[in-house]
Every structure is written in C-alpha cells, then in structure tokens.
Amino acid sequence: MTPHPAARVRPAEKADLAAIRLLIETAFGTRFDPAELEHIWALFPVDRALVAEADGRVVGHTHSGPMTITVPGAELPAIGISGVAVAAPQRRRGVLRALCLEQHRQIAAEGVPLAALTASEGGIYGRFGYGPSARENRIRLDRRFARFLPTAPDPGGVRQVSVPEAEPELRRIYEAWRRVTPGAQQRPDAAWALRFADPVRMRGGGGDLFAFLHPGGYALYRHHGDQSIEIKEMRTLTAEAHAALWRALCGRDLSHDLVAGLPADDPLPYLLTDPRQVRTVGSYDTLWLRIMDVPAALTARRYDADLETVVAVDDPFLDAGGTFALRISGGVAECAPTTAEPELSMGLDVLGAIYLGAHPARAFAAAGRLLGAPGALRALERAFAWPRDAVLGWGF
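Read in UniProt numbering, the sequence shown has 241 at position 241, and its numbers run on one by one without any break.
Any given hint could turn out to be false.
As the list claims (entries may be wrong) - Quick list of in silico lysine to aspartate or glutamate cross-link-like pairs, EDC-like style, CA-CA up to 20 Å:
1) K232 with E175
2) K232 with D198
3) K232 with D189
4) K232 with E167
5) K232 with D265
6) K232 with D208
7) K14 with E25
8) K14 with E53
9) K232 with D142
10) K232 with E165
11) K14 with E36
12) K14 with E38
13) K232 with D285
14) K232 with D257
15) K14 with D47
16) K232 with E169
17) K232 with D389
18) K232 with D253
19) K232 with E36
20) K14 with D33
Rather than coming from a laboratory, the hints here were simulated on the basis of the structure.
Full structure from sequences and hints, please.
And the structure:
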C-alpha cells in the first residue's frame with residue numbers, strides 16, 4: 001500500500017453531495033433516483049458523513065447513523081455505517097483506513113457499544129475488527145414439486161393485500177419480530193419509505209412488490225417474468241404464520257420457482273415430504289459487528305448457559321481489546337478488565353462473529369482463530385448459543 005499524502009479526511013458538506021453521489025454510483029455501478037436519495041440522507045444525514053479529498057476532489061466517503069439493534073435478550077444502541085466508497089485511482093493507498101480511523105474515533109466518542117455495517121466484499125472489514133454476525137442461505141424451491149407433510153400446520157388466515165393497505169400491519173409485525181430477533185434493527189420511517197418506494201435499481205429486473213398478510217406475519221414478494229417469484233422480505237412471529245405464508249406462496253399458479261433468503265435453521269425443509277426440494281444455492285453474511293466496548297456489549301446480552309472464564313481480545317485497529325474476566329450466571333453476565341491469565345484468546349472480529357450466536361466457537365477454534373482448552377471452548381459455545389437465529393432486519 002502506497003500512502004497518498006495529498007488525501008485528507010474532513011466532515012462532508014452539502015456542497016459535496018453531487019461528488020458523493022457520483023463516487024458511490026461509480027463504486028457500486030448503480031444509479032440513484034432523486035426520491036431514493038432523500039430517504040438515504042434522512043437515514044444517514046450529511047452532517048454525519050466524512051469525505052476524503054485529494055487534489056480538490058472527493059475520492060472517498062463514509063456516512064453513519066444511529067441505530068437500535070436487538071441482541072440476545074436485550075436491545076443496544078449502535079452506529080450503522082454505510083456508503084463506504086473509495087475512487088478506483090486512490091484505492092490501496094490508505095484512504096479507506098484514514099476514513100475508518102476518523103469514523104471510529106467519532107463512534108467511540110459517542111459511547112455506543114456496537115458499530116454495524118453490511119459488507120459488499122467479505123475481505124475488507126475484518127482488519128477493522130468487524131466480524132460477520134448474521135448469515136443467510138439463498139434458497140430455491142420449485143413449488144410444483146413441494147408437498148407439505150400431513151402433519152404440517154395448515155392454519156390459513158393469509159390475505160392477499162396491496163402493499164399500501166398492508167403498511168400498518170407490516171410495521172406492527174416487524175416491530176414485534178425485531179424485538180426478539182438478534183441482529184434486527186429498529187426501523188425508522190425513512191427505512192420504511194425506502195422499502196415502499198421500491199426503487200427500480202433494487203428490483204433486479206423484477207416487477208412491483210406484492211404482499212401476503214397473516215395476523216402473525218407477512219411476506220413481500222415480486223415476480224421475475226413468468227417463471228420465478230422472489231420473496232424480498234418475510235417476517236413471522238409464530239410457526240403457524242410461517243407455515244401459512246409458505247403454503248400461500250407455494251399455491252401461486254403460473255410461476256414455478258420461489259427464491260428467498262432464509263436463516264440457517266429455518267423450518268421450511270421440515271414442513272415438506274421431500275426436504276431436498278429446498279435447495280441452497282448460496283450462503284452469505286448479512287450483518288457485520290464491531291464491538292466498541294467489550295464489557296458493555298458482553299454484559300448487555302443474555303446467555304444460554306453459565307460460564308466463568310478470562311478472555312483475551314486482540315484489537316489490531318483501535319484500543320477496544322484487552323483481557324477480561326467474564327462471569328455468567330443465570331443468563332446474566334459480569335465483565336471487567338483483569339490482569340489474570342486468559343483461558344481463551346481471540347480477535348475482536350471473532351468476538352463480533354460469535355456475539356449474536358450465528359457462528360459456533362468450535363469453527364473458529366478449528367481455524368486457529370480462537371484459542372483455549374477444549375472444555376473452555378465448549379463452555380463458551382454453550383453460553384453464547386441462542387435459540388433464535390440472528391437475522392439482519394433491513395439492509396443499509
């Protein structure tokens with residue numbers, strides 16, 4: 001990496017908006033429409049944005065906004081980061097690192113325990129202490145061959161409604177769902193407005209959104225030609241709502257394939273006579289977390305088993321690391337810095353990856369990224385497990 005001595009990081013100004021738009025559109029190969037930008041700037045105000053400037057031009061950008069994220073058994077304030085881009089001629093010259101340093105100094109000054117982002121590339125953010133904290137499987141199901149087991153719930157109660165008509169219920173269901181789902185965020189009006197605006201660039205060539213509504217859940221979907229339906233968002237509060245919505249989706253005539261993103265342990269395959277009909281065609285991360293304050297984050301969430309250990313956490317980017325005594329009893333944790341010898345050692349990115357229960361400790365141990373005796377590793381994994389999958393609430 002060759003440093004770029006002319007690049008300097010500064011707060012963004014309204015006069016930078018056109019340059020920021022060009023940078024992001026160029027970096028991500030997309031075009032925003034003006035109405036969409038209004039919603040984005042409501043979520044991530046310009047007065048929270050940073051730019052990197054070189055030779056009088058904006059060559060880098062990042063912006064952020066406050067969030068509330070559900071963690072196991074609790075909710076935590078966080079700062080969400082989005083719109084991270086560096087102009088191609090300035091890449092590999094330290095511009096991103098300079099932006100991230102200033103961004104995270106500001107986040108640390110705000111005193112929130114978590115920073116969050118969604119990553120366009122998986123190899124970028126680990127070095128800044130982020131771990132992939134929620135994941136999703138992309139599945140494809142040919143509804144013509146999907147047969148529900150005789151024992152599968154068939155509660156009915158699904159209505160086909162227009163998206164505007166469904167809006168109040170969508171908001172109600174989402175709010176109840178996100179309060180018990182690790183990784184899900186409180187959804188501001190601007191984020192709902194962006195979902196309902198449904199910009200053409202986000203449709204992947206598909207049509208308008210349609211809605212199925214159940215008292216305990218909803219599904220938003222769109223058609224891709226005559227053959228495929230893409231489920232863009234499904235949120236369910238009960239197993240009955242989950243089964244009812246999938247029965248309704250599988251009952252659609254004309255289209256054959258149903259495509260959706262599902263949590264790793266979604267029960268859909270187990271509703272069917274042939275679980276192989278739910279074909280996993282991709283697997284990817286959704287939410288990335290950086291623990292800004294280890295004791296605050298670890299004492300905020302709840303746990304599935306007791307644990308008493310000492311953990312060394314390495315943060316190569318800033319100074320959130322250290323050695324911490326962690327004691328969990330009855331699901332509640334105490335955590336504080338200690339000079340005791342650690343039983344477990346990991347990077348801050350690994351702590352972020354296991355924090356919501358999405359990844360087992362043994363996988364990182366096998367990769368040499370989480371060190372400790374077998375008994376200590378098993379105890380850690382039991383404690384950090386959680387009965388609900390971690391799911392990103394809305395993309396940012």
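Comparing the hints with the structure gives:
no., hint, verdict
1, K232 with E175, "holds, 17 Å"
2, K232 with D198, "holds, 11 Å"
3, K232 with D189, "holds, 19 Å"
4, K232 with E167, "holds, 15 Å"
5, K232 with D265, "holds, 18 Å"
6, K232 with D208, "holds, 11 Å"
7, K14 with E25, "holds, 17 Å"
8, K14 with E53, "holds, 15 Å"
9, K232 with D142, "holds, 17 Å"
10, K232 with E165, "holds, 18 Å"
11, K14 with E36, "holds, 17 Å"
12, K14 with E38, "holds, 13 Å"
13, K232 with D285, "holds, 16 Å"
14, K232 with D257, "holds, 14 Å"
15, K14 with D47, "holds, 8 Å"
16, K232 with E169, "holds, 17 Å"
17, K232 with D389, "holds, 18 Å"
18, K232 with D253, "holds, 19 Å"
19, K232 with E36, "holds, 18 Å"
20, K14 with D33, "holds, 18 Å"
Violation of the numbered hints given earlier is absent; every hint is satisfied by the structure.
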